[in-house]
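Participant: One-letter residues, chain by chain:
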Amino acid sequence: MELTDQEITTSREETKKILPQYPGRRGDLIPILQKVQEKLGYVPAPAMEEVAAYLGITPMDVYSVVTFYNQFRLSPPGKRQINVCMGTACHMRGGNIILDSWKRRLKIDVGQVTPDREFSLERVACVGCCTMAPVTVIDGEVHPKVTPTRVDGLLFSFGMKIEKEGGKH
Amino acid sequence: MSKENQAVSAAYAGLQQKAALVRQSRHEKPLLLVGTATCGLAAGAAAVLKTIKEELARQKVEATVLEAGCMGHCYAEPLVIVYKPGFPPILYGYVTEGIASRLVIDFLAGDDPCLEFALGALEENEFLPALSDFPRFGVEQKIILENCGLIDPENIMDYIAHDGYAGLARALQLEPAAVVAEIKASGLRGRGGAGFPTGRKWETCLGTPADEKYVICNADEGDPGAFMDRTIMESNPHLVLEGLIIAARAVGADRGYVYVRAEYPLAVKRLALAVEQARQCGLLGENILGGGFGFEVEVFQGSGAFVCGEETALIASIEGEPGIPRHRPPFPAAAGLYGRPTVIDNVKTLSFIPSIINRGADWFKSTGTPGSPGTAVFALAGKLVNTGLTEVPMGTTLNQVVYDVGSGIPKGKKFKAVQIGGPSGGCLPESALDMPIDFDSLSGAGAMMGSGGMVVLDEDDCMVEIARFFLDFTQKESCGKCTMCRLGTRQMLDILEDITRGRGRPEDIDLLLSLAEDIKAGSLCGLGKTAPNPVLSTIRYFRDEYEAHINEKRCPSLMCQELIAFYILPEKCERSCDACVGSCPVEAIYNNADRIKVIDQQKCVKCNSCVDACPPQYRAVIKLSPPELVAEREKENK
Chain A
441 MELTDQEITT
451 SREETKKILP
461 QYPGRRGDLI
471 PILQKVQEKL
481 GYVPAPAMEE
491 VAAYLGITPM
501 DVYSVVTFYN
511 QFRLSPPGKR
521 QINVCMGTAC
531 HMRGGNIILD
541 SWKRRLKIDV
551 GQVTPDREFS
561 LERVACVGCC
571 TMAPVTVIDG
581 EVHPKVTPTR
591 VDGLLFSFGM
601 KIEKEGGKH
Chain C
20 MSKENQAVSA
30 AYAGLQQKAA
40 LVRQSRHEKP
50 LLLVGTATCG
60 LAAGAAAVLK
70 TIKEELARQK
80 VEATVLEAGC
90 MGHCYAEPLV
100 IVYKPGFPPI
110 LYGYVTEGIA
120 SRLVIDFLAG
130 DDPCLEFALG
140 ALEENEFLPA
150 LSDFPRFGVE
160 QKIILENCGL
170 IDPENIMDYI
180 AHDGYAGLAR
190 ALQLEPAAVV
200 AEIKASGLRG
210 RGGAGFPTGR
220 KWETCLGTPA
230 DEKYVICNAD
240 EGDPGAFMDR
250 TIMESNPHLV
260 LEGLIIAARA
270 VGADRGYVYV
280 RAEYPLAVKR
290 LALAVEQARQ
300 CGLLGENILG
310 GGFGFEVEVF
320 QGSGAFVCGE
330 ETALIASIEG
340 EPGIPRHRPP
350 FPAAAGLYGR
360 PTVIDNVKTL
370 SFIPSIINRG
380 ADWFKSTGTP
390 GSPGTAVFAL
400 AGKLVNTGLT
410 EVPMGTTLNQ
420 VVYDVGSGIP
430 KGKKFKAVQI
440 GGPSGGCLPE
450 SALDMPIDFD
460 SLSGAGAMMG
470 SGGMVVLDED
480 DCMVEIARFF
490 LDFTQKESCG
500 KCTMCRLGTR
510 QMLDILEDIT
520 RGRGRPEDID
530 LLLSLAEDIK
540 AGSLCGLGKT
550 APNPVLSTIR
560 YFRDEYEAHI
570 NEKRCPSLMC
580 QELIAFYILP
590 EKCERSCDAC
600 VGSCPVEAIY
610 NNADRIKVID
620 QQKCVKCNSC
630 VDACPPQYRA
640 VIKLSPPELV
650 AEREKENK
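Line by line, the protein sequences give chains A and C.
So the first sequence is residues 441 to 609, counted in the numbering used here.
So the second sequence is residues 20 to 657, counted in the numbering used here.
Since the hints were derived computationally from the structure, they do not count as laboratory data.
Quantities reported herein were computed from a predicted structural model and do not represent experimental measurements.
Check each hint, because a few of them may be wrong.
[As the list claims (entries may be wrong)] Below, simulated EDC-like cross-link-like pairs (lysine to aspartate or glutamate); rule was C-alpha separation at most 20 angstroms, straight line:
id	chain 1	residue 1	chain 2	residue 2
1	A	K543	C	E606
2	A	K543	C	E581
3	C	K591	C	D613
4	C	K622	A	D540
5	C	K288	A	D579
6	C	K548	C	D563
7	C	K625	A	D592
8	C	K288	A	E478
9	C	K625	A	D549
10	C	K22	C	E305
11	C	K430	C	E478
12	A	K585	C	D517
13	C	K495	A	E489
14	C	K495	C	D517
15	A	K475	C	E338
16	A	K475	C	D125
17	C	K642	C	E590
18	C	K69	A	D540
19	C	K430	C	E449
20	A	K543	A	D556
21	A	K457	A	E489
22	C	K548	C	D513
23	C	K500	A	D501
[To be verified] Ranges between beta-carbon positions, derived for each pair:
id	chain 1	residue 1	chain 2	residue 2	range
24	A	E581	C	E81	30 to 36 angstroms
25	C	P349	A	K479	34 to 40 angstroms
26	C	D453	A	R590	37 to 43 angstroms
27	A	K479	C	A197	45 to 51 angstroms
Ideal placement from N, C-alpha and C gives every residue a C-beta, glycine not left out.
Using the sequences and the hints, build the whole thing.
Facilitator: Listed below in structure tokens is the structure:
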């Protein structure tokens, strides 16, 4: 995804504001990146360059850390972050069916953002709410015992228009 | 008694006095505890909390409302405990907003304890059955979960009033070597999975001279299906913190980390608050309780890499590197974080420390088995009536956990297997149910203690699919360092995917077995060494299911999507009912000329919604495997 000039400037400026809060040791790298992502929603290349310069390491080192850990995103997320839990308990209670439902309605795959940047869809290993399986976490709020019809209901509540596939028989 | 020891005793007595006052004032008026751990919040505890507060204001009733953690009865969330003078403390389950306002109106404003909503009393009494009368109470024994759900996790005084930090006060008065000796004598084994003796780890660290030492609490609970550590941190964060400070005292560390998954925001928040409060009470920082020992703790958030649960990968992560494990030895206890001696212990291991120091090694050894003393904490999930958290003595049988604590399988289904130890563990069949749970017997049976996730599977769960699921997980989480782990697991996953899609070949089972051995031998860390376990244990106990998939292209549990089809039995379908039609997300169900519902197999996405929607008096929707059976049935009915 191409960043706009505005996005490049913002990411550089916001990162520069965050950096002085840390003493600048290599061990600060992950906490800094977490803070950048908390602020921007993702870790763009210009931010990585700023962090690298501050810690005295190469941008490549920063990139290797960003891409190693699942938490970091390289492109801007949607306005609503949909995380489908794929832990054991959720899986055995139909987590993949729920993930399929989200994919079908949003018409995107895991790790993608809808073209209008309204929704992004991700899978999460386990949020530890196994007794409420299957769960979907939307913007930090845990939705328990989700069904395909609940997926539709949630999307309706977000104002999305759902076109059912196919017509009448 | 030395001057320092006197100072510690005096400082701790001061804290206890303060805590007793807080506790006393709390019980002068009615007290309500609402369980707001993540599981409670998911079930709607926030709305219950809000209702209670609003109704109290409306009824003009004076009461204290506190947010507590999780008592382990997750199946009945949201949970509320009401303490009212003149009544025993009562636990209410499945509390909705309506029940919440009735509790305030009828019980607090009036004197009707609403027993119809009660799960039980917390102590023996003449009113209603106590929780101790439940069968699970005979099996459970709580050491580290003792106060979870009963104290306010955001108030250190509540913890101190329950003898919190007494273990630390005692440890400060002992020589470090004496603390290590006590832990060693207790026989405590690490609860992270491998079961390495904690005392030996500490001894190595203590005996290695260095300018700096570190202690780390490993709270990177990444096993899917496990939530013990999350619950402990959310419900009683000071317990973990106290264990960590004692560990630091014992080995002489002056800096520590709690490495928590970022996926656990509430645990991160409560731990950070606990650190802050402990510092204010003189339990952290320089010269703790005046005993001359100083220690600082930092809460470090993990970034979503499962492999960081491995200790050397975790250390790399704190150092700001990608979390890739390195060769051991040297073990971290000798050369760990920044090359200094480092003790890394799991949340549960550290949670045992305060009571061992407080009550002694012999007390600890009186529970459990000789080889695995103490208790085991399990997160019960899957097909169980009572899911949640439990703590049982080591040596308890699986049978007792599944049937006495978990109350068996819901909906009259048949038990098939129990998956223990997450992606590193295995699936044990019914014949293993009488096996006592401890580190050694579980590994003997092909499973692993792991960190304590226990997922119960019933007749509807496919064992090939569960093996595929775990391998898919470990394959994605492999850090890529060792070739066998990186490529071998990929190869195994491809084979398993073929099998679940009906493209398996007869020689695949042997190929899986030989790959599994190679991956175990050719991987450096626990992730790769244990990754094949789910596959090995399912082949060992459920080989017939693999063979049905391969030879008959059939999934006996009717789970593998490409090997099943949904079908509506015309003789059972009710003409006047359209429940399934509305439930279908893709409009695959239509009425035929007789107003009998039929599924368009081309459109069906196999989401199971129609099975759930079909009213239980009809049960007209069934699954068939292999899918070709649908065509046969349709022909018969023409």
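Participant: Run every hint past the structure and note whether it holds.
Facilitator: Now for the hints, and whether the structure bears them out:
{"no.": "1", "hint": "A:K543 / C:E606", "verdict": "holds (17 angstroms)"}
{"no.": "2", "hint": "A:K543 / C:E581", "verdict": "holds (18 angstroms)"}
{"no.": "3", "hint": "C:K591 / C:D613", "verdict": "holds (13 angstroms)"}
{"no.": "4", "hint": "C:K622 / A:D540", "verdict": "holds (14 angstroms)"}
{"no.": "5", "hint": "C:K288 / A:D579", "verdict": "holds (17 angstroms)"}
{"no.": "6", "hint": "C:K548 / C:D563", "verdict": "violated (26 angstroms)"}
{"no.": "7", "hint": "C:K625 / A:D592", "verdict": "holds (16 angstroms)"}
{"no.": "8", "hint": "C:K288 / A:E478", "verdict": "holds (15 angstroms)"}
{"no.": "9", "hint": "C:K625 / A:D549", "verdict": "holds (18 angstroms)"}
{"no.": "10", "hint": "C:K22 / C:E305", "verdict": "holds (17 angstroms)"}
{"no.": "11", "hint": "C:K430 / C:E478", "verdict": "holds (11 angstroms)"}
{"no.": "12", "hint": "A:K585 / C:D517", "verdict": "violated (30 angstroms)"}
{"no.": "13", "hint": "C:K495 / A:E489", "verdict": "violated (28 angstroms)"}
{"no.": "14", "hint": "C:K495 / C:D517", "verdict": "holds (18 angstroms)"}
{"no.": "15", "hint": "A:K475 / C:E338", "verdict": "holds (17 angstroms)"}
{"no.": "16", "hint": "A:K475 / C:D125", "verdict": "violated (48 angstroms)"}
{"no.": "17", "hint": "C:K642 / C:E590", "verdict": "holds (15 angstroms)"}
{"no.": "18", "hint": "C:K69 / A:D540", "verdict": "violated (34 angstroms)"}
{"no.": "19", "hint": "C:K430 / C:E449", "verdict": "holds (18 angstroms)"}
{"no.": "20", "hint": "A:K543 / A:D556", "verdict": "holds (15 angstroms)"}
{"no.": "21", "hint": "A:K457 / A:E489", "verdict": "holds (14 angstroms)"}
{"no.": "22", "hint": "C:K548 / C:D513", "verdict": "holds (19 angstroms)"}
{"no.": "23", "hint": "C:K500 / A:D501", "verdict": "holds (17 angstroms)"}
{"no.": "24", "hint": "A:E581 / C:E81: 30 to 36 angstroms", "verdict": "holds (32 angstroms)"}
{"no.": "25", "hint": "C:P349 / A:K479: 34 to 40 angstroms", "verdict": "holds (39 angstroms)"}
{"no.": "26", "hint": "C:D453 / A:R590: 37 to 43 angstroms", "verdict": "holds (40 angstroms)"}
{"no.": "27", "hint": "A:K479 / C:A197: 45 to 51 angstroms", "verdict": "holds (48 angstroms)"}
Checked against the numbered hints listed earlier, the structure breaks hints 6, 12, 13, 16, 18; every other hint is satisfied.
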